[in-house]
Each structure stands twice: as structure tokens, then as C-alpha cells.
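Chemist: If you want the building blocks of each chain, they are given just below.
2 protein chains.
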Amino acid sequence: MKIITVSREFGSGGRELGKRLSDILGFDYYDREIITAIAKNSSLDESFVDYALEQQPVQVFTTNLRCSFATAPAVHSIQPSLLLEQKKVIDSIAAKGRDCVIVGRNADVLLQDYEPFNIFVCADMESRIERCLSRASGDESRQRRDIVRNIRRIDKVRARTRELISGSDWGDRGQYHLTVNTSGWDIRELAPAVADFAGKWFGRAK
Amino acid sequence: MKIITVSREFGSGGRELGKRLSDILGFDYYDREIITAIAKNSSLDESFVDYALEQQPVQVFTTNLRCSFATAPAVHSIQPSLLLEQKKVIDSIAAKGRDCVIVGRNADVLLQDYEPFNIFVCADMESRIERCLSRASGDESRQRRDIVRNIRRIDKVRARTRELISGSDWGDRGQYHLTVNTSGWDIRELAPAVADFAGKWFGRAK
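As given, the protein sequences belong to chains A and B, one line each in that order.
Per the numbering used here, the first sequence starts with residue 1, numbered consecutively.
Per the numbering used here, the second sequence starts with residue 1001, numbered consecutively.
Just chain A, same shape as in the assembly (with noise of 0.2 Å):
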């Protein structure tokens, strides 16, 4: 079984380089699935899940008194079973036995005794704001401030949780066979090459 899993800045590509990755291949592909999953296991609200593994994780029992009292306490409550039950997902995601791509959720940590080829995505600020805007509509200025706080929220989220469950830096060099970066390449171009990458180090000689 053939495992590939992209990790990635926000706003680099990342989802969308996975996504092509899967359809050259022939790869089964997760990323929003994987949410989907873990809110109907949990009996929650999939927009939910979703947001509460955005915000910055905390280790239990540590107060944060600077938090929205309306909604972060129970976010942060059940983050850790969330955590949980996302580790479960993915290992039943392995546990099919079927090549795939999975985007993000620190799956290169998680399945790493399956040996997958780990890709980290990144791009730089203005690629990435660029990427952002053209997903968006309305007052461009306003956008540009908004997601430039989104892009750097939640990377920061992503070292943090990254940080917890593995005790290692995101997006250290060490830690992915590939860094790609896609500043400057159209995703659609950039696909083959990656894809031509992985094929070769799945079947080079051991």
C-alpha cells in the first residue's frame, strides 16, 4: 500500500496539489472526508469539528483567560477527543490497505509505521494571499488584512497542534521526503512533477 500525505502551509496550494496528486495516481483521496468522519463518529456538527480543530490547541487543565467565554471552553474541552477520534479515522483510512493521499491532520505522524511519502507545501506571503483572494469576493483591501491574520492563526495552530502530538517542528525539512515550493508554478503543471517524485520513490530499489 502506497500512503502519501501533504502537509502544508495555509494558502499554499497544499489541498489542491493533494487533490491532482490522487487523480493522476489513481490514489483514494481524504482531507474534508476526514472531518465529515470523525463529526458523524462524534454525533457533532461537522462545521463544529471543524472549527473547534482550528483554534489553537491547549493542553488541558491550562486556563486561558484571554478566550471567548461563550464558545472556547467547549472547544477546548472536547479538542482532545477530537484529537482521538481523528487519530482513529486515519488508522481506519490505513486500515483499507488502499494507495491513497491524505491532506493535512499530521497524518505523516500518525501512520508513519506504514512508511508514506510525506510532502510539506508551502509558497511565499503574496503567493499565498493571492491564492486566498481569488477564492474570495468583495472589498480587496479589507480581504488582503483578513487573510494575512487567517494565514498566520492558523499556521500557527497547525506548529502548535503539530508540536503536541508529535513533539516535532512543523514544517521542519527533516521531517518530509519533499518540500515543494509552489510560488510561481501553476498547481496543474507542478502535479506530474510531484506525482513522477513519488512514483519514483515508491518504486526505487531498498
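There's no promise every hint is true.
Result set (DSSO-like, lysine-lysine): computed pairs, CA atoms no more than 30 Å apart in a straight line [said to hold, decoys possible]:
| id | chain 1 | residue 1 | chain 2 | residue 2 |
| --- | --- | --- | --- | --- |
| 1 | B | Lys1096 | A | Lys19 |
| 2 | A | Lys156 | A | Lys206 |
| 3 | B | Lys1002 | A | Lys200 |
Listed next, the stretches of chain B that the computed footprint assigns to chain A, with coverage defined by at least 3 CB atoms under 8 Å from CB atoms of chain A [said to hold, decoys possible]:
| id | region |
| --- | --- |
| 4 | 1021-1035 |
| 5 | 1187-1193 |
| 6 | 1198-1205 |
Don't read these hints as lab results, they were simulated from the structure.
Every residue, glycine too, gets a C-beta built ideally from N, C-alpha and C.
Using the hints provided, position chain B relative to the given structure of chain A.
Modeler: Okay, now just chain B, sitting in the frame of chain A:
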């Protein structure tokens, strides 16, 4: 003109990868040739130039009391002019207008106006030690200690030199198009994958 630059952690196989890339693509190859040219232009011994450029760079006027007084002051006082000469040699390589691969020497920064394809090569510590050991002979346990010390020292010099030249972090993913982890690869199998990748970059729609 197509330029590929290869920056690398010591012992990661970056030099071999660069050489193989040049063979596959039919590009000129520059590595030791740069040291030879600096030595010639400066009327200095090649091994001295090599040694001097492998010492921790210090900013002029910094006093390093722990240095060996026999050699270090000479090295430190000549290092800035060697780095300047190195820049001239690398500029003259680019001025030839021929496709080439340049290993090390911060060529990615020095030649950024030529829009090179920039690769960073890394590997886990054990792979790097193994690679260095395969080139050495004698008592293995002593060699291993020396190799680890050398890896740490040279990586530190490369990081510091880059910081002085460009003000940027050595190995930072955002500065390279592709970061390749050679652990688990035979460079002979990896090189064609990287060559294809670079070829697609040069051939992409802009």
C-alpha cells in the same frame, strides 16, 4: 540560460546530486572549480582558500579570543576578500550564458537576478554519518565522533556565511523551489526525479 543551484547540509549527498543533475541535463558543473578559480585569481594556495572559506566567518573587527593564534587571524582577515572574489567568480560563470549546476557558495542568492532553480538537499544525521563513513578509512568509532563534530561545524559555518551574505536563514524552505531529503534514496535513483522536476520548472508556462 538555465541555472540550477544546490545548497546542502554537509554529508547529505548534495554534491553527488548536483554532479548527476549536470550529467543528466548536459549542463556545465561548478563546485571545486570555484575554489580553484578563487585561488588562482588571489594567488593563494587552493587548499588554503578551501580551509579559509570553511572557517566560521566573523564580522570584521570582532575579536575571537578563543581562536588559534597561529592561523586564525590570517584566515579571518582574508575571508572577506575571498568571499568577494568568490562572488566575482560566480558572476563570471553566469556571464558565460551557459546552462549550469552550481553547488554551494550561496549561488542562489548571488545569482538571483538570473532566476535559478534552487534546490536544498538535506538528510537525517544517521544517513549523513553513513555517507561520510563510506568515504573514510580506519577506526570507525573515532571516525564517527569526528564526522558528527565536522557535520555540526560545517553546517554552522554555512548557516553563518549565508546570514552574512544574504541576511536570510540557511535551509529555510521558503528560499528554495525544492527541498529534497536524501535519506533512504540512492542518489543515482533520486537524480533523474529531481532532473525531471527542474526540467518542468524551466518549461512551465509563466
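Chemist: Next step is simple, just say for each hint if it's right about the structure.
Modeler: Checked hints:
no.	hint	verdict
1	Lys1096(B) with Lys19(A)	42 Å, violated
2	Lys156(A) with Lys206(A)	36 Å, violated
3	Lys1002(B) with Lys200(A)	24 Å, holds
4	1021-1035	violated (count 0)
5	1187-1193	holds (count 4)
6	1198-1205	holds (count 4)
Hint violations for this structure: numbers 1, 2 and 4, all remaining hints satisfied.
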